[in-house]
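The primary structure of each chain is shown beneath.
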Amino acid sequence: MAEQMTIHLRIWRQAGPDAPGRLVDYTVAGANEHMSFLELLDVLNEQLVHRGEEPVAFDSDCREGICGSCGVLVGGIAHGPQRRTAVCQLHMRSFKDGDRIVVEPFRARAFPLVKDLVVDRSAFDRIISAGGFISTTTGGAPDANALPVSKDAADEAMDYATCIGCGACVAACPNASASLFTAAKISHLALLPQGSVEASRRVVAMVRQMSEEGFGDCSNHTECEAVCPKGISIACIARMRREYVKAVLC
Amino acid sequence: MATPAQSTLHAKVPAGRLQDKWDAYRDTVGLVSPANKRKHSILVIGTGLAGGSAAATLAGLGYQVTCFCIQDSARRAHSIAAQGGINAAKNYPNDGDTIWRLFYDTIKGGDYRSREANVYRLAQVSGNIIDQAVAQGVPFAREYGGLLANRSFGGAQVSRTFYARGQTGQQLLLGAYQALSHQIATGNVSMLPRREMLDLVVVNGHARGVITRNLVTGALERHLGDAVLLCTGGYGNAYYLSTNAQNSNVTAAWRCYKRGAYFANPCFTQIHPTCIPVSGGYQSKLTLMSESLRNDGRVWVPRDPEDRRAPAQIPEPDRDYYLERRYPSFGNLVPRDVASRAAKKECDAGRGVGTTRLAVYLDFADAVGRLGEQTVRERYGNLFEMYQRITGENPYKEPMRIYPAVHYTMGGLWVDYELQSSLRGLFVLGEANFSDHGANRLGASALMQGLADGYFVIPYTLGAYLSGARLDSSITTDHDAFVSAEREARERLHTLLSAQGDKTVTQYHRELGQLLWNHVGMSRNREGLEAAAAQIRALRQEFWERVRVPGDNDTYNKNLEFAGRVADFMELGELMARDALEREESCGGHFREEHQTAEGEALRNDQDYAHVTAWQYAGSETAPVQHQEPLVFETVQPTSRSYK
Ligand SMILES: Cc1cc2nc3c(=O)[nH]c(=O)nc-3n(C[C@H](O)[C@H](O)[C@H](O)COP(=O)(O)OP(=O)(O)OC[C@H]3O[C@@H](n4cnc5c(N)ncnc54)[C@H](O)[C@@H]3O)c2cc1C
Ligand code: FES
Chain A
1 MAEQMTIHLR IWRQAGPDAP GRLVDYTVAG ANEHMSFLEL LDVLNEQLVH
51 RGEEPVAFDS DCREGICGSC GVLVGGIAHG PQRRTAVCQL HMRSFKDGDR
101 IVVEPFRARA FPLVKDLVVD RSAFDRIISA GGFISTTTGG APDANALPVS
151 KDAADEAMDY ATCIGCGACV AACPNASASL FTAAKISHLA LLPQGSVEAS
201 RRVVAMVRQM SEEGFGDCSN HTECEAVCPK GISIACIARM RREYVKAVLC
Chain B
1 MATPAQSTLH AKVPAGRLQD KWDAYRDTVG LVSPANKRKH SILVIGTGLA
51 GGSAAATLAG LGYQVTCFCI QDSARRAHSI AAQGGINAAK NYPNDGDTIW
101 RLFYDTIKGG DYRSREANVY RLAQVSGNII DQAVAQGVPF AREYGGLLAN
151 RSFGGAQVSR TFYARGQTGQ QLLLGAYQAL SHQIATGNVS MLPRREMLDL
201 VVVNGHARGV ITRNLVTGAL ERHLGDAVLL CTGGYGNAYY LSTNAQNSNV
251 TAAWRCYKRG AYFANPCFTQ IHPTCIPVSG GYQSKLTLMS ESLRNDGRVW
301 VPRDPEDRRA PAQIPEPDRD YYLERRYPSF GNLVPRDVAS RAAKKECDAG
351 RGVGTTRLAV YLDFADAVGR LGEQTVRERY GNLFEMYQRI TGENPYKEPM
401 RIYPAVHYTM GGLWVDYELQ SSLRGLFVLG EANFSDHGAN RLGASALMQG
451 LADGYFVIPY TLGAYLSGAR LDSSITTDHD AFVSAEREAR ERLHTLLSAQ
501 GDKTVTQYHR ELGQLLWNHV GMSRNREGLE AAAAQIRALR QEFWERVRVP
551 GDNDTYNKNL EFAGRVADFM ELGELMARDA LEREESCGGH FREEHQTAEG
601 EALRNDQDYA HVTAWQYAGS ETAPVQHQEP LVFETVQPTS RSYK
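Residue numbers (the working numbering), protein chains in the order written: chain A, 1 to 250; chain B, 1 to 644.
Pulled out of the complex, with its shape left as it was, chain A reads as follows:
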């Protein structure tokens, strides 16, 4: 049987965007290594409900690291200490009995706080709306095999397309830049022949939207790559810059 652990949490509580926030201490006994970090928060929340207190608000949905709903700072690190792992997939075996863990929301000007650990990441949707698509309507698409795509290009496009839009890159960046997120989409589409048609228009529109949303610029800190649960490479940011230069100069 798995060994029991006691974990001391210090969690950011804030009732709403305009309410004052503060860190509050909680202790959860009876954790074990097979539990995920969010299940630990579930256990805490059950206890809070029984005690008549309000549970800690946090977002999650798939709990298998693919929907991008979850995302908090665990010990100051977006999604916590395990690399390439969203916090819903972070298991308590990464911690030990008696650990003290600070849990805070992703903080960025472009991600206003909703409540406790929940933030508003709709800026990401607006960046995609600005150009993160191929302008097709339904019907009339040519046969899927009409246009061969080299396996290397398809694989690399897929590496970037795996972005889950969680916002960890923004939370980790000292400038709160959304460059990794934006560049991953630009690169995914630019690498494919289907997407290259609109590449210039896309990169200009998405970069503009990124700055209008209040995200900072990239100054190559590479913190984003380190916390990305999908391990997306910052090579895409270089590609975004090249695409941008090409678009504005040509």
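Each statement offered as a hint is correct.
Simulated crosslink set (EDC-like; lysine to aspartate or glutamate; CA at most 16 Å straight-line):
1. B:Lys345 to B:Glu324
2. A:Lys151 to B:Glu378
3. B:Lys21 to B:Glu116
4. A:Lys151 to B:Glu143
5. B:Lys345 to B:Glu601
6. B:Lys12 to B:Asp416
7. B:Lys503 to A:Glu54
8. B:Lys345 to B:Asp320
9. B:Lys503 to A:Glu53
10. B:Lys397 to B:Asp366
11. B:Lys503 to B:Glu545
12. B:Lys21 to B:Glu418
13. B:Lys258 to B:Glu486
14. B:Lys258 to B:Glu488
15. B:Lys503 to A:Glu46
Computed list of chain A residues with no C-beta within reach of chain B, every gap over 12 Å:
16. Thr6
17. Arg22
18. Leu23
19. Asp25
20. Lys96
21. Asp99
22. Asn175
23. Gly216
24. His221
25. Thr222
26. Ser233
27. Ala235
28. Arg241
29. Tyr244
30. Lys246
If you are wondering where the hints come from, they were derived from the structure by calculation, not from laboratory data.
Ideal Cβ positions, reconstructed from N, Cα and C, are used throughout, including at glycine.
Assemble chain B with the ligands onto chain A, guided by the hints.
Same frame as chain A, now just chain B with the ligands:
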């Protein structure tokens, strides 16, 4: 117990040869002119594959679309989690696939409990889905020559499954989401995330709107439309533990049921054979290990129940590859219902492995030997990583331990050939409807169905409805039906918040899940089903007195959301038990112990049960009314399903 059938439902299947029905329908269907499309507002609830594709397509055609989802972004719908792939009868590998074969496999896989014409149409448009997705930039796996790659899935002997690593759902959903984002930018779609539909508004027999709750502010909102498209996914979370996302629910569909839409085959649920086993009581979900793994993984248990050696220490002669033994022609690729029951049988016989003994091995040693670790990594890398993250074990070195878990619901709101429910103007797409998978869904066919419904079916059938319906254009959200629906929603929220009892929502959800898993799960019998129905009823009554929902309505309050959903799951659970009791046969995922062959295989009863059961709500304390849609097989001959 049996409620007499009250009526026969008409599915509006077009006349003519199976192969010609959809073309004939499209040739004659009513159309809405481009200028008029702009005047119609359509409410699309849900942004999964079904809702996302429908909203993007309809907006592209010029309709005014308002789209809703629970998550903070349309991109996070549960479809994102689909792993293994999507079927299409492209026959790119030239291994003998045809539209007919995909149709046949799907209808046979569903154990002859689905409607021929729908399934055939699904197979017909399957190829268009792949074309559409590639045009959107979906990075499917490719061969070195640059063409698309395929893999095999359960229940088929051809390779027709397209995939993007183990993240096919993610890539298809992002394709639809990006198409939707494009339409949002053009102003044709108004996207409202963090909204939950709490009721359907019906005016003069037509679905004309919805009541939603803003999940951040708690505000109740009224939305008027000319049609409502319900694309809200499946209800597997009724079992508490399932492979579904936390927010997956039946609430939207259930409220429609209570407004008059019939609920079909609620007992048809799919228990997926390859999931990571339960590890403890705190567990919030079960994680699927994609069916695609059965392409290369071999399922086995030790022959001797007392054999406690580590798997690598157990030599070949002491292992039982029971699927290969029992089903030589399909082997590890038998359909899900068959594989799940077989795993249960082994564990019931004491041959289960791991600490809980509720698991079997899925072993890749042969595949790693044959293909090399690199190839296995390319095919399944992300799944192996996920397994390792959750269990702390390395599946390249030791076999995975897997056990069946609730995964998908074939049942759902009844729809006709046009995907219209029994309520005029309410269309149901994707997993939320009951239509194409009969009593058992084949792998890689839900993505296909959701996208077929949204991209290629609804654009025609919605036009047919709008061009024929005479909708009252004077209706506004001040209409009594809106006012009273909003009031009822408000009162319900208030009741939930004011009970202030001593049990949490999660406690109730777990208890309900346990009852359903034990009695309406992989194996069912009369006694268990009757007990479950009675116990769920008692639990439901207790819930309203003893539940404790913290916090207020006017804030982000997950407990309040879940409380409403669990209340609906309880009512649904009772209907599931009733439906399972009523169906005195075994078919697909519905296994009634009373009806099995001498070898323990499912025994179907086509004489009495070749029909869809559709339930009509008749009040909270009154038994629902049963309707039936006879399933007429004009083209295929239902045979006993054999994978031996
Ligand atoms: C882990 C996993 C793996 C799978 N793998 C495969 C696979 O490889 N191949 C395959 O074919 N199928 C697979 N499936 C099945 C398939 O993913 C689903 O059946 C399919 O994606 C459902 O799509 P949908 O659009 O109907 O619903 P969903 O994707 O569930 O979307 C529902 C939408 O409705 C919204 N919604 C729900 N309720 C409300 C409400 N009350 N108010 C407002 N909005 C609401 C949600 O926010 C969401 O946007 C898998 C399923 C799981 C769980
Ligand atoms: S909950 Fe979906 S990625 Fe964590």
